[in-house]
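Enquirer: Here is what each chain is made of, one letter per residue.
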Amino acid sequence: MADTREITLTVNGKSYTETVETRFNLADILREKLNLTGTHVGCEHGACGACTVLVDGEAVRSCLMLGVQANGKEITTIEGLADGDQLNPLQAAFRKHHGLQCGFCTPGFLTTLTAYLQDNPDPSEEEIREAVSGNICRCTGYQGIVAAALDAAAQMRAR
Amino acid sequence: MKPAPFKYHAPQSLTELVDLMAELEDAKILAGGQSLMPMMNMRFVAPDDVVDINGVSELSFIERANGSLRIGAMTRQKDLLASPEVKDAAPVMREALCHVGHLQTRNRGTIGGSLCHLDPSAELPAIASLYGATLTVAGREGQREVPMEEWVLAYMMPSIAPEEVLVSLSLPVWLAGHGYAYTEFARRHGDFAITGVGALVELSEGVITKAALTVAGADVKPTRLTDVEQSLAGQPANEETFKAAGAEARKIDAMSDTYVSAAYRQRLADTLVQRALATAADRAVGGE
Amino acid sequence: MILTNEFLVALPKDAAMQVLTDVPLIAPCLPGVSVTEAEADTKYAGEATVRLGPVKLTFSGRAEITEIDHTAHTASVRANGADKKGRGGAEATVTFQLKDDDAGGEDAPATRVLVRTDLALNGSIAQYGRASGLIEGVAQELTKEFAANLATVLTAEDGSAFDAGEISGLKLLVKAGIGRLKFGGDKAKNETGAV
Amino acid sequence: MGVRQTGAEVQRGEDQALLTGRGQYVDDLKLLGMLHGAYLRSPHAHAVIKSIDTSAAESLPGVHAVFTYRDLEEPVNGRQVQPYPNPLIAQDITQYPLAKDEVCYVGEAVAFVVADTRHIAEDALPLIQVDYETLPPIVRLREAMDDDAPRAHKDSPDNLIAQLNITYGDVEPTFAKADHVFKAEFLQHRGGCHAMEGRGVVAQYDAFSDEFTIWSATQCPYLVRRCLATQFDLPESRIRVIAPDVGGGFGPKAGFYVEEIITPWAARKLGRPIKWIEDRKEHFTTTNTQRDTWWELEVAATSKGRIEAIRGRLVNDNGAYVPYGILLPFTMMASFPGPYKILALDLTQDVVFTNTVSNSPVRGAGRPNAAYAIERMIELVSRKLGIDTAEVRRRNFVEKTDFPYQTGLIHFNGRAMTYDSGDYHSLLEKALELADYDGFTARQEEARKDGRYLGIGVSSCVEDTGMGPYEGVTIRVDPKGKIYVSSGAASQGQGHKTVLRQIIADELGVGLDDIHVDIGDTGKFPQGVGTIGSRVGVNIGTAAFGAAAEIREKALALAAEILETDIGNLVFEDGLIRDKGRSNITISLGEIALKLAPMAGAVVPAGHTASLEATSFDASKGPPHASGTNVCELEVDIGTGEVKLLNYCVAHDCGKKINPLIVEGQIVGGVVHGIGNALFEEMIYDDSGQPQNVNYGEYLLPLATEMPPINIVHQETPSPLNPLGLKGAGEGGTIPAANAVIAAIENALRDFDVTIDRYPVTPEYLCNLIDANQT
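Quick mapping for you: the protein sequence lines, in order, are chains X, P, E and A. Residue 508 in the numbering used here sits at position 151 of the first sequence; the count goes up by one each step and never skips. Residue 343 in the numbering used here sits at position 72 of the second sequence; the count goes up by one each step and never skips. Residue 360 in the numbering used here sits at position 82 of the third sequence; the count goes up by one each step and never skips. Residue 644 in the numbering used here sits at position 207 of the fourth sequence; the count goes up by one each step and never skips.
Next up, chain X with everything else stripped away, as it sits in the complex:
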C-alpha cells in the first residue's frame, strides 16, 4: 500500500489540503494534484532549474523536495507572479527583451530571479549571470534573460 500523508500548503495565496503519496516530489504534487502545470519538470535531478518554485520566499528546486515536506509552507509558482493578466515588471521585461523562446525553462528563471532581485535589488550583469547559473536555457543563449533581469531590477528600484 502506498505511503501517504495529508498535507496542507498554501500555493499562490490559496490553501490546499491534500492526501499525497510521500514519494511524490513537490513538482509532481503541484502539477498532478493541484493542476498547476506552469511549473515544468526538465531533468528531475536538480540540474536544469526549470522546476524552481519559491518556498517561503526562497528559490528551491521542486524536483528535489518531497511534496510532504511542503506541509505548512507558502509556495509561490509561476502562476502566482502576475496580477491577473497584468505581467509584473520581471515578466514584462522578459517579454520586452525576448528573454524566452520556447518558454519551457522560463518559469524557473522567473521564480529564481524573483527571489534573487528581492534580496539583491541592484545587481551587476555578472551577478545576474551567477544568480541564474543553476538554470539552463537552450534557446536564448541567456542574453535576453540577463538584459530582462537588469531592466526589471532598474524598474523595481525606480518604484
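Accuracy of the hints is not assured; some may be wrong.
[Said to hold, decoys possible] One-sided excerpt, in silico: chain X residues whose CB lies under 10 Å from chain P:
(1) Ser372
(2) Glu375
(3) Phe381
(4) Asp385
(5) Gly403
(6) Val412
(7) Met422
(8) Val425
(9) Gln426
(10) Pro446
(11) Ala449
(12) Lys453
(13) Tyr473
(14) Gln475
(15) Ala488
[What the hints assert, rightly or not] With beta-carbon atoms standing in for the labels, derived distance ranges:
(16) E:Glu315 - X:Met358: 31 to 37 Å
(17) E:Lys362 - A:Lys467: 30 to 36 Å
(18) X:Glu483 - A:Glu495: 51 to 57 Å
(19) P:Ser328 - A:Phe645: 23 to 29 Å
(20) P:Glu329 - X:Ala359: 27 to 33 Å
(21) X:Ala359 - A:Arg675: 55 to 61 Å
(22) A:Gln964 - X:Arg362: 36 to 42 Å
(23) E:Asp396 - A:Lys487: 19 to 25 Å
(24) X:Ala359 - A:Lys961: 37 to 43 Å
(25) A:Lys487 - P:Glu329: 55 to 61 Å
(26) A:Glu446 - X:Glu483: 56 to 62 Å
(27) E:Lys362 - X:Glu483: 47 to 53 Å
(28) A:Gln566 - P:Pro443: 38 to 44 Å
(29) X:Asn477 - E:Lys362: 46 to 52 Å
Everything labelled a hint here was simulated from the structure, so no lab data went into it. The structure displayed is predicted, hence computed values, not measured ones. For every residue, glycine included, the Cβ atom is placed at its ideal position computed from N, Cα and C.
With chain X fixed as given, assemble chains P, E and A onto it according to the hints.
Expert: Frame of chain X, contents of chains P, E and A only:
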C-alpha cells in the same frame, strides 16, 4: 525518473531520530535532499525508509565558543553564507560555499548532508579537512567524536554506522588576521570541481608561521598536505615558496575517471596550490 | 575492463584443476557472492552483493563453466547478473590458466594460477562517468580478494568450502588502506585517442 | 496607415501565456481515464534477446499491461517507417517499434509498461526479466569499416550505411601543379538536442470513429502523421497529430520515433488514453544526436593563399539505425564550399553504423560540420603561409558580383546549389570592425605582459535556408473582422505566430490583436512539412504574403463594387477598405466577409467566391542563402587550460528581417549552442557502448556564467527568390561558431604552436598540448 516506494518518517527531536534509526533496517536520512533526491529519482538509491530530519531543529545552529566554531549538521548552506560568525571566524568556508552548487541548491543543502555524501570534490568536506575538524555522531549508545581524517573511509564512504546520525561539526578558529583562500577549477560555475584547494596561513613580517592546505577532488577524499604545510612554516610568503609548494602538491595521489586523468588533477593541484597560497598570503595581516 | 591476478599454490596442476572447476566451492571466494542453486552440472544460480559508495547493489544471476581443458589446464567461467532493483548488470568471463611452478623442486609440486577477469557493467551503474574510477578500483580489489581466497581454498587440506562472508566493497576498500586505491581507470577514449 | 509591423521589434503574442504558466505542453495534458507509460530499455549496446518474462511486472498492482514485440500485430510490427528513403542507402535499417530479437544501442525500447501512474510504471520495469546474450559492439567510428570490426547489426555484411561522393572541377591536375598542398585531420563532435522539454506523447483512440489523436512534442506533426498512416495502415485522415507548445526542438524532435507508434498503439489496445513523457535519462539514451565525424582533408593553395582545390574523405557516425535517411550526411557535403570560391572539390563520405544512439540533424544539420571543415582549411592556409586569417578569407570569398553563384554541387532538392545573393566581403569587414580586430594585437601584447594569453578567431559561413517544398497558410476573415490564420508549421519557440501576425497585419491593414493563429495541428491545417533547417520563416512568410494578397484581391473586388469605385482607388487601413479620394467612404473587412459568407437563404454576390478566405502554398523559388561572419575573443589560462570567452561578435545577413527581436534571439541562441559544441558538450561512450554522462552534472550545457557578451550587426541583402526578400535565421549562429572559438584558442596559444584536432576542446586536452610544446 520517479523514486521507488518508501516509507516516510519525520522525527521532531534528536532522541526520536536516533531511536528511529536504531529500529529501521534500510533507512536513508533526508536532510537538504540535494544529493539524495537526485539519486532516489534516478533510482540509484531506493531505501525502504526515508527519515526526514528537517523537523529536528536542534540540529540547526552555528555557535562560536572556546576558540571553536560549531555547526549543526542540519544547518543550511545559505545560512552559513549569511552567518556573521562564519564570516568572522572561518572566512574560507564562506569563500568555499560560493562554489557550492547554485542559489537554489544552497537554499536547501546542508553541511551535514555534504559531509555524509562525501563527494570527493565537495567543498565543505574539504573545509573540514583543512581545519582538521571534529565531527560528532550520535547513536543509541550516546555520542562519539570523529576527527575528520578518520571520517573518510573511502570514496563517498563516511565512517558512520547505518543507525548513527551526524550531529555537528566543530572546527578550531584561526587567529584573527589569518590569510585564507578557497580556489577551485570546475568546467562551469557551480559544477563539481575537478580539483579545489583550501589554504590558511598566518604570517609574521612576511614569513609564514603556520599553514594549512587541503586538496579536494584529486583523490577519493580531500587530502591534507601536512608535509607541505610543515615545509611552508618559516618560509617567506613569496612566489618562489608557493611554486615549491605547488611542485610538492603535484605529487599527491590522484584518481582517473572518464573525464580527466590523474596527471591532470595533479597539474591542477600544482597550479591551484600556488594560487590559493598567493591569495591567502595577500589577505593575511602580517605580510610585508 | 580486464583484471589480472596470479598466485601460487602447493598443489599439482591436476589437483588444482579439480578444485577450480567446482563452482559451488570457488564462487564464495568472490566477496559477497553466494550460490543459491545448481541448475546443471556446469550451471549455477547465485547472488552477489557489492557496495559502490552510497549505492548497494544485489546482483542475481548465473554462472556457467564454458570451457574445461584438462590437457591445456585452462578453464573459463562465464557469469552474468542483473541488479534486483533494475540499476544495471554485470557480465564477467573468468579464465584460469594453470602452469607448473618448479621453483620448489620435484618434492614440492606447485602450480601458478593465472586468473584473468573480463568484466563489463551495463545499465545505470555503468553510466556514471565520475564513478568510473571507483568502480574499477572496487573491481580490482574484488578480484584481488578472489585470488587470495582461491589460494586459501586450494591449499586447504580438506578442500572445504570457503566463506568470505558479507564482505562489502566498503570493507574491501578499508582493507585496501583507506582511500589508497589506485584508480587506474582507462579513460573512455574519443576517436583521436587524445584525452 | 498604421505602423508597419514587418521589420519592427514586435513583442511576441506567445509570451503572455508562457510567462504566466499557461503554456500547454504535452505533459500538461490530462485526459479522462488517462494511463501512464514507461519503456524498458536495453542496458546493452548490442545483444540478442533470448526471452522476456513479463509476468511479475504484470501482476504488480496498478499495472494495466506490459507489451513486448510479440504483442504487436501486422503492420505495426514492421520496422519503423523510413521518412526519407533514398536509393543510395545500402543498408536502410530502422528500428522495430519494440525490439524484436536484437538490441543495437543502450536505450533501445524493449517493453512498454502501462500503469495508473508513471511511478508505478517505473516500479514494474525491473520486474521484467529479459534474458540477453551480449554481442560485441562497434563503438568507435574510425574502426567501423575495419574488416574485423564487430557488426552493429548481427546479420549485416558490414557497417556501411552509404558511401557518398561529390566531385567537380579538375581536382587531380590542380593538386599536381599547386604551389602548396597542406593536410589536416580532425574529429568533430556534435552532442545532442537537450531541449529543456524532452520528447513526449499523449495518445487517444476513438474506437467509434477509428481515429487517433496524438499530441507529440514534435517539430514535424505532418511527418509523424504520414509515417503513422503507413505504420498503422490507416488513411491520414484518421490520424490527427498535434504539436502543442513544444519546449525546444533543435533538430532531433524533427524525426519519427518508436514511442510515437507504441504509445498510440497501446492506447488503442487498452481503450484508454496514455501519456508517455521522456525523462532526462531517456533523452540522453534515445533521442537522436548528431555525432562524430572524422575528416581527412587536403588543400591545394597558391602562395598568395588562394584555395584552388580540396579533396579528402570523411567518416560519419550514424549510430545504430537510419531514422532520418541520409539527409544529414548529404547536407554535410552539399554545403561544403561555404562562402568560398573553390573551383575543384572531391569528397567521399562513409556513413557508418555504430552501436550508439542514432543520428539525425541537430541545429545546423551537417552545415556546422561542413563549415568547420572548410574554416579549418582557411586556418591551415593562413598558418602555413603566414597570412592573416581575415585576409585569406577576403582572397577566397565569392564576389558580390558573382551572384547568383553556382557552387558546382547539388542541393538535396536535386537542383544546382545556387547562392542567390549576399556580400561576404562587407559582412566580414562589419564583423571585424565590431570586434575591433585591428586593435587586437595591442590588446594581446598588453595582456601578455601580465602573463595572460588572449586570442582572436574568425569564422564565416553561408547557409542554405528556407528549403521547399512549401509551408501552407490559410487566412479567413470572419464577419466581425477577426482574422483566423492556420498553418502547418509547428513552433518550438521560434515565434511563428507572431511572425504570421506581423506579415498579415501589414498586408490586410489590421491590428496584431485581431489575428488569431493556429499552428502545428494536422486537424486544423491539411498539409504541412515541418520546422527544420531555418525554413519556416521564409516559407510561412511567403505563403502568408500570398494568401493575404489573395484576400486583398477578393476583398477589393467586392469593395469596389459596393463602394462603386475603381479597385485602384482603394486602400487597406485599420481593418477598413477606404476610398482614397473620398476618405469617409469605407467598408470594413468584416462587412465584406459577411457578404461572402451569409447565412441560409442569402446569396453570395455574383462573380465572387464564397468565404473571405485564401490558402497559399507559395514558396521561395529556391533556397535563399543567409551568411555570417563571427569573431571570438577569449583568454586561455595556461595554468588550468580554462578558456574564458571575452567577447563575441556576429555580422549576420538573413535578408529582410521580419522581427529583429526574434532574429537576434535565434542568432544568440545559435552561437551559444555552437560554443557548447566547441567547448563543453560531449557524449562519451565507453568501449562497451555504455554512455557515460547521462545527466546534466556531467554532460555540460552552456550556462549563463560562461557565455560572453554577444554583439550583432546586421546586413540586409534581400533574397530575390521570394517577395519579402527573406532568408532563414535559425542556425546561422551555430554554423560558424566552433571554428571562431577554436581558431581563437590556437591564436592565444601560438607561442606553443598548438593545433587543435578535435572538439569539444577540454581544459586537459589544452594542457596536454601546452605541456607538449613547452620547451
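Enquirer: Indicate, hint by hint, whether the structure satisfies it.
Expert: Results for each hint:
1. Hint on X:Ser372 is violated. Least Cβ distance to chain P is approximately 21 Å, over the 10 Å limit.
2. For X:Glu375, the interface hint is violated, the least distance from its beta-carbon to any beta-carbon of chain P being 15 Å, above 10 Å.
3. Among the interface hints, the one on X:Phe381 holds; its C-beta lies about 8 Å from the nearest C-beta in chain P, closer than the 10 Å criterion.
4. With a cut of 10 Å, the hint placing X:Asp385 at the interface with chain P holds, because the nearest CB-to-CB distance is about 8 Å.
5. Because the closest C-beta pair between X:Gly403 and chain P is about 5 Å apart, less than 10 Å, the hint holds.
6. Evaluation of the X:Val412 hint against chain P yields a held restraint, the C-beta minimum of about 8 Å falling below 10 Å.
7. Taking 10 Å as the C-beta contact cut-off toward chain P, the hint placing X:Met422 at the interface holds, the least distance being around 6 Å.
8. With its C-beta approaching chain P no nearer than about 6 Å, X:Val425 sits inside the 10 Å limit, and its interface hint holds.
9. Taken as an interface hint, X:Gln426 checks out: its beta carbon lies about 6 Å from the nearest beta carbon of chain P, inside 10 Å.
10. For X:Pro446, the shortest C-beta to C-beta distance to chain P is roughly 20 Å, which exceeds 10 Å, and the interface hint is violated.
11. With a cut of 10 Å, the hint placing X:Ala449 at the interface with chain P is violated, because the nearest CB-to-CB distance is about 23 Å.
12. A least Cβ separation of about 24 Å between X:Lys453 and chain P goes past the 10 Å threshold, and the interface hint is therefore violated.
13. At about 7 Å, the closest approach between the beta carbon of X:Tyr473 and any beta carbon in chain P falls short of 10 Å, and the interface hint on this residue holds.
14. Contact between X:Gln475 and chain P, as hinted, is not supported at the beta carbon level, the nearest pair being about 12 Å apart and thus beyond 10 Å.
15. At about 6 Å, the closest approach between the beta carbon of X:Ala488 and any beta carbon in chain P falls short of 10 Å, and the interface hint on this residue holds.
16. In this structure the hint that E:Glu315 and X:Met358 lie 31 to 37 Å apart at CB holds, the actual value being about 32 Å.
17. Here the CB-CB span from E:Lys362 to A:Lys467 is close to 34 Å, well matched to the stated 30 to 36 Å.
18. For X:Glu483 paired with A:Glu495, a C-beta distance near 56 Å keeps the hint of 51 to 57 Å intact.
19. As the Cβ distance of P:Ser328 to A:Phe645 is approximately 60 Å, the hint placing it in 23 to 29 Å is violated.
20. Our hint of 27 to 33 Å for P:Glu329 and X:Ala359 holds, since their Cβ atoms are close to 31 Å apart.
21. Taking the beta carbon of each, X:Ala359 and A:Arg675 are about 39 Å apart, not inside 55 to 61 Å as hinted.
22. Checked against the hint of 36 to 42 Å, the pair A:Gln964 and X:Arg362 fails, with Cβ atoms roughly 52 Å apart.
23. Distance hint check: the CB atoms of E:Asp396 and A:Lys487 are about 21 Å apart, consistent with the given range 19 to 25 Å.
24. About 41 Å separates the C-beta atoms of X:Ala359 and A:Lys961, a value consistent with the hinted range of 37 to 43 Å.
25. Distance hint check for A:Lys487 and P:Glu329: the Cβ-Cβ separation is about 57 Å, which falls inside the suggested range of 55 to 61 Å.
26. As the Cβ distance of A:Glu446 to X:Glu483 is approximately 26 Å, the hint placing it in 56 to 62 Å is violated.
27. Distance hint check for E:Lys362 and X:Glu483: the Cβ-Cβ separation is about 49 Å, which falls inside the suggested range of 47 to 53 Å.
28. The supplied range of 38 to 44 Å is broken by A:Gln566 and P:Pro443, whose beta-carbon atoms lie about 56 Å from each other.
29. Look at X:Asn477 against E:Lys362: about 48 Å separates their beta carbons, and that is inside 46 to 52 Å.
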